[in-house]
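Going down the list, the sequences are from chains A and B.
62 is the number of the first residue of the first sequence in our numbering; add one for each residue after it.
798 is the number of the first residue of the second sequence in our numbering; add one for each residue after it.
To be clear, the hints were calculated from the coordinates, so they are not data collected in a lab.
Keep in mind that this is a model prediction, so the values were computed, not measured.
Certain hints may be false.
Lysine-lysine pairs mimicking DSS-like chemistry, simulated, CA-CA at most 27 Å apart [unchecked claim]:
1. K327/A - K1011/B
2. K470/A - K818/B
3. K818/B - K891/B
4. K556/A - K891/B
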Amino acid sequence: MSLFKKSGTCHGARQGQALAAKKVALVGNPNVGKSVLFNALTGAYVTVSNYPGTSVEVSRGTAVIDGCQYEIIDTPGMYSILPITEEERVGREILLNEAPDVVLHVLDARNLERMLPMTLQLVEAGLPVVLVVNIMDEAERLGLKIDIPLLQEKLGIPVIGAATAKKRGLAEIRHAITSFERGKHAVFGYSRQMEQDIEEVAALLVGSYTLARKAVGLLLLQRDEEVTALVREAEGERFSAIEQKIREKTFDRRTSLHLELSLERKSIVNGVLQGVVEIPSIRRRTFNERLSTWAVRPITGVPLLLVVLYYGLYEFVGVFGAGTLVDFLEGTLFEEHFNPWIIGVVHAIIPWPVIQELFVGEYGIITLGLRYAVGIILPIVATFFLFFSVLEDSGYFPRLALLVDRVFKKIGLTGRAVIPMVLGFGCDTMATMVTRTLESVRERIIATLLLALAIPCSAQLGVILALLSKAPGALAVWSVCLLLIFMLIGLLAAKVMPGETPMFYMELPPMRLPQISNVLTKTYTRMQWYFMEILPLFILASVLLWLGKITNFFDKLVDWTSPAMAAIGLPRETAVAFIFGFFRRDYGAAGLYDLQEKGLLNARQLTVAAVTLTLFVPCVAQFLVMKRERGVKVSIVILVFVSLLAFASGWGLNEFLLVTGIL
Amino acid sequence: MKLSEKAEEILEALWIAVEEKGQSSADAERIGIPFEDPAYGELKALAFIEVTDGRVHLRTEGKEEGERTVRRHRLAERLMMDVLNIRGEGAEDKACQFEHLLHEEVDAKVCTMLNHPTTCPHGKAIPPGECCLAARESGDLGIVPLTELKPGQEGEIAYIQTEDSKKMQKLMAMGVLPGNRINLVQAFPSYIFRIGFSEFAIDTAMAREIHVRK
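Please model the complete structure; the sequences and the hints are all you need to start from.
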């Protein structure tokens, strides 16, 4: 029967043709498994993360359930229908503008009390809500008992207990989507006075709205700017009367409207949960909780951080990625096998030496561009992203953030900025993009500046570590220099930039063992993004260098920059590395590697060159992202400042080393 | 018996001069109210003061009442600055007017609300009242900011004190609502608290704004 009925609806939709696929929106707090559910429903991949607010961008996918097609929308995490952050604003925009046919409110079974108020808001807004009580498995492990049928009865909307990470409850969710009927839900009332105030505003609304009039009235009372603008548009001349009423009511309730609303919702939720949730009298401490405690206590957290950095960054990315893998790919595969072969092939096909040069010459697209990109950069970046994804999925980052918050406050940032900073050690370009999750413009600018200046990306880091490890002491000088400049410029920036100290608050999701499949797909998508980004630039760089070489422009450029090189005590050939570095930071470091191989640099020069190059202009890709995120003016100021400071520091370090004779 | 406002001012000034500054007496100039004022007669009739050779002496009988007037004044100052957020000259004037209203247990209520402060905003001691002693006796710490809890301690959220409504909304989204149980997990380097089954980290500035009843 039901099968027949469903295929009938679909058929009808197809006949109508103008009818688009039904829309299903996923909403809820961060870290409740929305993205995992999204992936399970659509089969497509989006970033799943423990870090609150990673999914700033909205993911869409399609799902076919019982032969019908649905568009699934994964909204950014939101705590309330009244938005505070940019992400919440985006989430509500979707609810307002896209009029989804089903809204799946996903929440964490362990925190029903805290998250149900949003369900009330969604129901109150007249949205077609299906409640997914997720993470049931972990709640059960904690000894919580939740009576789903009773909750469904009390709320009057479909409620499903699920553990999407374990594929539990998916069939029920699919069924709830297809069989959803609008208009059925329980009604919850606020106190008499509150209801009356809302009604007085709502009664003045005549226009048609996606949300129920009561919800619109309430949002008006809460002085929601977007909804106010929407109402102003919809009501036209009538708006002045509405505005008058709002002003009157908000003045009456100026001291504590938000608080009173929250308290009233809380008491409604308490009533709903009466008899639904049974909490165990004893808290069970799991191993993950103990691990979490170690991660957040300075006395154990700092050693743990060092262990993570040593094994993750140094051993795995540095020694394995930049050492073993690079040796194999670049040394064995390219130098011994691929390059001689391709040079032979090209020479055989193309008779003109100039064009031969373009492909397989000193700066050839294949022998230089492809070799750098695939042989040196790819393995380093791949190992880094793998390391980063594991950390991200384990829930370690929020803990690291709270550990460093005090230090970061001194440089005008909050602990929140630790995520872009760590990511910067992988790819500064990607990290610059992530700085948009920081709250204030001030934080974003400081973070962008520090990323451009003092955070070497993994590719650069890998090459520089390999380079400097040959000169004892050089690595230490380089690290101390960068750390000093990072702190110094951070302190200065915090002093110079106007603005208040930002506040730090962060949810600590439970620590958990990352799922291998999730980590791998995430690493893969990041790799893909990175490779798409860098390969064209490497090829472009090769072509430009080739052009520069055949027109002798390149030699002239080296001539022009040699006074600057001489000033910081470097041979003129180093200019080549710096010009490389303009295209990509790692490209420049790799150029330095070549110079060192030729024995053109001593330990002092190597260190000075490495420090200057690390500080030097961000790569072209990073500059373009900077321009997009921060605007032309800010990014040019940063560019000029960073270049000047890089050479000034190089000069200073050179003089210092000459005088003290440390290296 | 209720003293006139003028009489209270005289007693207050005299008590400060004698009890805090260790002087034996004060003159009319120091008190700031000329001798012709009938308030002196009022105090003399109660045997609180004695006037000889143009100098006012505080009698033993007047000491207790004097202490109470000083206490009321300093409580009023705290109220102006801490709660009503009025500062400077205005605060002092307002406190002077306000102190006369703090009779009949109102001072105890204000004192409890302010959690039995021991000093006025100028750093002078506030003489303890009966409510302060009773609170000390029962070991009731009253309402304290989250920063005053020790890791592992639990309390009930009493109120959130912030002028920033966005911050308020954020805190409420974390479940920081009056009446909820809050458990402080860690205090350094950042504050970590648990409400229900969720954990959150906040900085000191935010922790100071959450007030908890132990």
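Which numbered hints are broken by the structure, listed smallest first? Violated hints (numbers, rising): 2 and 4; every other hint is consistent with the structure.
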